[in-house]
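Residue numbers (UniProt numbering): 1 to 281.
Keep in mind that the hints were calculated from the coordinates and are not lab data.
Any given hint could turn out to be false.
[What the hints assert, rightly or not] Here are the computed lysine-lysine pairs in the BS3-like style, where the Cα-Cα straight-line distance is at most 30 Å:
hint	residue 1	residue 2
1	LYS104	LYS177
2	LYS177	LYS112
3	LYS252	LYS12
4	LYS96	LYS12
5	LYS199	LYS177
6	LYS164	LYS126
7	LYS177	LYS129
8	LYS126	LYS54
9	LYS12	LYS126
10	LYS96	LYS112
11	LYS159	LYS177
12	LYS96	LYS66
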Amino acid sequence: MSRLDEILSLVKHVPPFPKVAQRVSEMLNDPEVSAAALAEVIQYDQVITANVLKICNAAYFGLSRKVSSLDEALVIVGNDTLKDIIITSSSARFYKGAAGEGYKLDQGELWKHSIAVGIMAKELVKYVKDVESGSAYTAGLLHDIGKRFLSSFVADDFKKIMMKVVQDNCSFVEAEKELLGASHAELGGMIMSQWDFPKEIELAVLQHHDPDALEKDPLTAIVALANALVISMGIGVGADGLSVKMQGGGLKRFGITSMHLELCMANLLMELDRAQELFHI
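Build out the structure end to end from the sequences listed, making use of the hints.
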């Protein structure tokens, strides 16, 4: 069996994304959906329920009493925050504790980097039209999901990949593709398709390392920018991070200024601290 066949076989056996998370995300597309209707579905996932209550009772919300009712907690956190909680809680099952040895990432670094890119993407879309913040967060959070499952293959061929990067002056992603038959971005796109995520999120995950990513649809461009910015801040750089370059063209395309970037970075650090506390990154 070839390495690519092994990888494709692995994709087929990737556990499904939690159905409750997907159902609630669909429900949240309706701005009129009630907390009672959401609670009726969420109650069947103990992890999501526990995280909603935990976050609602965190100091961030400044409540004077402890909330124990899921219905009440949903009203307090609001739909936007709820969507982030659900996608983060569900993604933790795949990222948390995952080793990123193939990419020279310590345990927990891939998870932290992924959350940071999700937060940064959500911050950037404050200045961009036609990109929904929830989609930006989800695509950012899951952009490197392929690394979670490709890491062991990369580790086996790491020396060959790095040699190709140096000798051919190519990117790490290009070397992955050449030597393994698929890059982590392509693998991520396959997984998104298998998990039945919206096509725009699948494409953003698939194309976030594409040389022409900034010229593609706005969501893909935002995820590519968010990834480059987070790496420039030293969060989850890894073996392949140095080949990810910040491209000013994307900032010009969306009219994002240096002042906007400073605000985005400051907000990212605050939100990441909160996420680390809440999700034990």
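Hint by hint, here is what the structure shows:
no.	hint	result
1	LYS104 to LYS177	18 Å, holds
2	LYS177 to LYS112	25 Å, holds
3	LYS252 to LYS12	40 Å, violated
4	LYS96 to LYS12	21 Å, holds
5	LYS199 to LYS177	22 Å, holds
6	LYS164 to LYS126	39 Å, violated
7	LYS177 to LYS129	33 Å, violated
8	LYS126 to LYS54	27 Å, holds
9	LYS12 to LYS126	36 Å, violated
10	LYS96 to LYS112	9 Å, holds
11	LYS159 to LYS177	15 Å, holds
12	LYS96 to LYS66	28 Å, holds
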